[in-house]
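Chains as they are written, first to last, in my numbering: chain A, 1 to 336; chain B, 1 to 336; chain C, 1 to 336; chain D, 1 to 336.
It is worth saying that the hints were derived from the structure and are not from the lab. Treat the hints with caution; some may be incorrect.
Simulated crosslink set (EDC-like; lysine to aspartate or glutamate; CA at most 16 Å straight-line) [to be verified]:
1. A:K94 - A:E132
2. C:K94 - C:E68
3. C:K202 - B:E274
4. C:K94 - C:D31
5. B:K94 - B:D65
6. D:K202 - A:E274
7. A:K94 - A:D46
8. C:K94 - C:D65
9. B:K94 - B:D60
10. B:K94 - B:D169
11. A:K202 - D:D187
12. B:K202 - C:E68
Some chain B residues close to chain A (C-beta under 7 Å, calculated; not the full set) [unchecked claim]:
13. E132
14. L133
15. V178
16. S179
17. A185
18. S186
19. D187
20. T189
21. H190
22. F191
23. D235
Backbone N, C-alpha and C fix where the C-beta goes; we use that ideal spot for every residue, glycine too.
There are 4 protein chains.
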Amino acid sequence: VAERLGVAVLGASGYAGALSAALIDRHPRFDLAAITSRSGAGTSLDRLYPHYRVGLELIDPDELDTGELAAAIVAYPHMAAAPVVAQLLEAGVKVVDLSADFRLRDLGTYEEWYGHHPAPELIGDAVYGLPELYRAAIAGARLVANPGCYPTATILALAPLARAGLITDLVVDAKSGVSGAGRSASDATHFVSVDENVKAYKVPRHRHTPEIEQELAAAGSPVTMTFTPHLLPLDQGELVSCYVGLRDPDTSEAELRALYAEAYSGEPWIELTERLPGVRDVRETNYCAISVHKDPRTGRAIVFGAIDNLWKGTASQAIQNLNLMFGLDEDLGLAP
Amino acid sequence: VAERLGVAVLGASGYAGALSAALIDRHPRFDLAAITSRSGAGTSLDRLYPHYRVGLELIDPDELDTGELAAAIVAYPHMAAAPVVAQLLEAGVKVVDLSADFRLRDLGTYEEWYGHHPAPELIGDAVYGLPELYRAAIAGARLVANPGCYPTATILALAPLARAGLITDLVVDAKSGVSGAGRSASDATHFVSVDENVKAYKVPRHRHTPEIEQELAAAGSPVTMTFTPHLLPLDQGELVSCYVGLRDPDTSEAELRALYAEAYSGEPWIELTERLPGVRDVRETNYCAISVHKDPRTGRAIVFGAIDNLWKGTASQAIQNLNLMFGLDEDLGLAP
Amino acid sequence: VAERLGVAVLGASGYAGALSAALIDRHPRFDLAAITSRSGAGTSLDRLYPHYRVGLELIDPDELDTGELAAAIVAYPHMAAAPVVAQLLEAGVKVVDLSADFRLRDLGTYEEWYGHHPAPELIGDAVYGLPELYRAAIAGARLVANPGCYPTATILALAPLARAGLITDLVVDAKSGVSGAGRSASDATHFVSVDENVKAYKVPRHRHTPEIEQELAAAGSPVTMTFTPHLLPLDQGELVSCYVGLRDPDTSEAELRALYAEAYSGEPWIELTERLPGVRDVRETNYCAISVHKDPRTGRAIVFGAIDNLWKGTASQAIQNLNLMFGLDEDLGLAP
Amino acid sequence: VAERLGVAVLGASGYAGALSAALIDRHPRFDLAAITSRSGAGTSLDRLYPHYRVGLELIDPDELDTGELAAAIVAYPHMAAAPVVAQLLEAGVKVVDLSADFRLRDLGTYEEWYGHHPAPELIGDAVYGLPELYRAAIAGARLVANPGCYPTATILALAPLARAGLITDLVVDAKSGVSGAGRSASDATHFVSVDENVKAYKVPRHRHTPEIEQELAAAGSPVTMTFTPHLLPLDQGELVSCYVGLRDPDTSEAELRALYAEAYSGEPWIELTERLPGVRDVRETNYCAISVHKDPRTGRAIVFGAIDNLWKGTASQAIQNLNLMFGLDEDLGLAP
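Using the sequences and the hints given, assemble the complete structure.
Take a look at the structure:
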């Protein structure tokens, strides 16, 4: 019988942490060793999230015993995550960090977009946790920086073009369900504010921008982009509509599709589709649905990427990363 | 030229107060003299509610000058309202109170359901502000207790049966949009909690129960009822489904409808309909749509009442009451 | 290695049939042998339902080869189902029928509510497919009549009271998501008709009424009830709010809860809860969440039952029945 | 007393026609003389649209008496509209045509995007019905081509930039509520298809593209654009997010805002706002809310335009046009 691996989720009272805990809980090889929440300590998770049916009690993070942990998922805000990640690593615990703290490889860029970095010495250890791009490195990592939800959809939607050096200009118009805004209640997340509404937010500077630019550049297409997210009246789901100026505007739709088919051949969680994908198609799954189109009048490529922001955009991708980090089948615990 | 009457709205940063202010603002005979909010003072109302397009600035309630006011709408929570109402009346200002403080004519009942009453001496002065039942008394009142949203729909749906003494048993299953829960952000009003959901709340004791029972008894049918509200994924609208045990179970549907037709003949804001009413039919109007049906298998009458909880259920009914209190056309400022 | 059992789904282009097919497709012991649809023949199921990811092609029902089938799920409208069920049984194929054709044990009742029965000789062979009530009989059946969605929630919510002979009077106010109305597009299922709306339908005679009354009577509480369904702006989910007149109105809430705890001890898919259940808690699961409350003012019990109408209300319950019919673990293929 | 003007609405059973009829019905100077619908003839409009409360009966278009009509609103599909428009004009009836038939001034462009034009001889008589751009011409027109909903929002959002010759490159990502897809029931408009979903449609060629390009060119900025609409889970409302490459990328946000302030000074239905507009802000109004931002990293302008697609995007703009055509106050009948 295979040994089971203890995994803790820190910050499990929020949407991302709670789903991470639920996925660990039903995973065939991981044990949900502990879940922490400063505000929720003493409550069982199923009181906050009945539909996850995880009866474990939340504990104060200060009471976490790292002794028997193989790994931890850290679901803290940026800046709060880094110090905790450092402690866990020191205790020999592998970490998937859901925050932005270790996603940017350039300290200066981090400080421009986020502020003073609490643990810059660890940046070099972190692997960007997009398995479709960094599978091998993730397998050997002790610290994986789980990508942002928008970057996940956008980078996957554009990586084949970026690798071919085709992207010369880029506008990404992103649409997200409300769970992306997190669990804290505010006027912006009140049902009455969101219902029958749609509007943009964080214009013109959303912090996922440098993360996307970093990965497109690393793939082969350095570009300064416009990224504009919008809040939609739905709970889970994220669609990015990418408008791409092409180095060679005469590239045909068939050529573009061939490029994608080759790039993503064998990828278990990428769905290439000719139909226009809706977020409903990937709801509560680890899939990223991608569809590439050519606008012959302008020469642009139009690429759509659809994910569930809480799953492939956050928690199920964290599981996918953990599977890789422990040499397990990448799909374990993620089947529908 | 007719004199214009100054009206203040106290507590105008909440949903009910803000809509009251907007309706006063577009009213042909009332002037929106002042709007108050302790937390929102210094902000203009259109920053909080762009779609109302009311540019007036919220002021601290302590700065309210009652000198030039003809009337005030008080949109405070129960217990907080009564002392303010008392001050306004003393200053010679007529009041429509949106809270529950003066709806119950029996002090003991108030104390059983709400607690210690802050101004019991005024209870006798208050008129229950349901124009379809108390039109004449409202016209002469200086203090009108605007009904709760559920009581408005339920009492209007049942008054003809109550007056005929027909009600022997009563279950009311009520469904409300989220605006009924007010503007304060909480887990319960977060979009993600409400979306794709429906559930009951305040079971088995919702405070609107004694208010409904009081009016049904006053009309002629004393009854102890079961009242159960449910929260629905929509913003504005309220449907009450009333299951009525009849004194004479053989009363036919035609007889019931004749009773309603006679009772509500000439009522401008009651819509009797044979079709099953939806809350969409009355959205953003002062209408109450009512449809009465007979269940021949059980002998029960099934009566549906649909209103917009923020309009006929609160703010537009307050305007209707103010119109009556100042001898104006009851419909003034309420046309679509 | 355990033998795999071939299962066909007839009428797989509708919501109920498609989900049945998807659940069979991911089941560890069943093989999805064929899916039929007269209108959709030649299309693969994933073109109609991308999120189910079932690539199998729909075939014309006339081309169905019953030779290798162990069982079939029939997802046809009432009256259309019975003749097909008869043919399948004759061919030695076990059947779970999702229609109403074999739910009512009394032919006269069927004819009163539905019309002329196409295969009355089979009524005696059918077992009512509510595992929590008829587990043993289902295990031995060749024809299982899968309950209606409303009856599933209502009967489960009331069975412990019915068995105790406690129900003397009953009003059920039911709320359903739009998937319950089926896939056919009409004014009633148009997004714009449903959004921001709630209304009752089929008042006062919904065909699920006699089915509920049959089972309550069989359990020990014959009662003539009022049943009123409402359409809500959500896709999947059903809540029944049951208002129960009790033979002994002094029964306490604690006694009622003890009754339920005993009745459902060990049931894998019944969730007894003190909190008020929302349909979100059971979305995309085979669970029925039940919560019983006492209204001390009226002596009524108020019982809430929440299910996913497409899952426990239809398709996953069909799988649960098939598991029983083939001697498999009742939970197989239903875990989250 | 001012003479009242008879106005008919042809095709009044659809969303656009029905709202046009309702707005005419409550207009202080227009009389709703007749409403037509081939499929709905004999039904009163309030059976189809209870919330509009227009009791007039729909008649067959063949029975329309044009003798007493001052004007007509034609709510027919493109190609079906033109012949009817021709007949009305011949009968001396002024027309606001809601279809695309007379929006494009170049016959070749029409034929490229729509097909054979049924009445090309009238193209020269038509005025493009965007009052903010063509107020004087509309006042003198007998045929006004009411703009498409997307073009209304987009052209208004970009006209100040276009007039200044600033637009060198353009991507428009548009989001619309479901009423924009019309009243006909289909899989695409079924509640279950739209709910919890978002996806693009008509990629890469939506027919509103040439209409937008025509007007931007006419204003001073010929540009070939990418236009991509998306369907959202809401009923009414449309947001266009415009990504504009500027001739002078160093233009500051302040300069851009000054340009807009000057361009729209005195416009009653344009709302310039620094906050990011949501469609809820303009729901059921004739307003277009516009907000211009500068992305300093890319040099692009980002402009948002929000309208209610059924109001300013269709029906209330038709009323605005009719007001102008008859020399009335432009706002008549449009106040909230």
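Hints and how they fare:
Between the alpha carbons of K94 (chain A) and E132 (chain A) the distance comes to roughly 20 Å, so the proposed pair goes past 16 Å and is violated. Restraint check: the Cα-Cα separation between K94 (chain C) and E68 (chain C) comes to about 12 Å, which is no more than 16 Å; the hinted pair holds. In summary, the hint linking K202 (chain C) to E274 (chain B) is supported, as the alpha carbons are separated by about 13 Å, within the 16 Å threshold. For a cut-off of 16 Å, the pair hint linking K94 (chain C) to D31 (chain C) stands: about 14 Å separates their Cα positions.
A distance of roughly 14 Å separates the Cα atoms of K94 (chain B) and D65 (chain B); the hinted pair therefore holds under the 16 Å criterion. With a C-alpha separation of about 13 Å, the suggested pairing of K202 (chain D) with E274 (chain A) holds against the 16 Å cut-off. For the hint pairing K94 (chain A) with D46 (chain A), the CA-to-CA distance comes to about 26 Å; that exceeds 16 Å, so the pair is violated. Distance restraint check for K94 (chain C) and D65 (chain C): the Cα-Cα separation of roughly 14 Å lies within the 16 Å cut-off, and the hinted pair is therefore satisfied.
Between the alpha carbons of K94 (chain B) and D60 (chain B) the distance comes to roughly 20 Å, so the proposed pair goes past 16 Å and is violated. A C-alpha spacing of about 38 Å is found between K94 (chain B) and D169 (chain B), which places the hinted pair above 16 Å, so the restraint is violated. For a cut-off of 16 Å, the pair hint linking K202 (chain A) to D187 (chain D) is broken: about 35 Å separates their Cα positions. Of the supplied pair hints, the one linking K202 (chain B) and E68 (chain C) is violated, its CA atoms being roughly 54 Å apart against a limit of 16 Å.
Against a cut-off of 7 Å between C-beta atoms, the interface hint on E132 (chain B) is violated, since the closest Cβ of chain A lies about 28 Å away. Annotation: interface hint on L133 (chain B) violated; nearest CB of chain A at approximately 30 Å, more than 7 Å. Satisfaction of the interface hint for V178 (chain B) is found here, the shortest Cβ-Cβ separation to chain A being roughly 4 Å, below the 7 Å cut-off. A hinted interface residue such as S179 (chain B) counts as satisfied when its beta carbon comes closer than 7 Å to some beta carbon of chain A; here the least separation is about 5 Å, so the hint holds.
Below 7 Å, beta-carbon pairs count as interface contacts, and A185 (chain B) has one with chain A at about 4 Å; its hint therefore holds. Evaluation of the S186 (chain B) hint against chain A yields a held restraint, the C-beta minimum of about 5 Å falling below 7 Å. A hinted interface residue such as D187 (chain B) counts as satisfied when its beta carbon comes closer than 7 Å to some beta carbon of chain A; here the least separation is about 6 Å, so the hint holds. Here the hint on T189 (chain B) is kept, as its CB sits about 5 Å from the closest CB of chain A, short of 7 Å.
For the restraint placing H190 (chain B) at the interface with chain A, the shortest Cβ-Cβ distance is roughly 5 Å, inside the 7 Å limit, so the hint holds. The beta carbon of F191 (chain B) comes within 4 Å of a beta carbon in chain A, closer than 7 Å, and the hint placing it at the interface holds. Because the smallest distance between the Cβ of D235 (chain B) and any Cβ of chain A comes to about 5 Å, under 7 Å, the interface hint for this residue holds.
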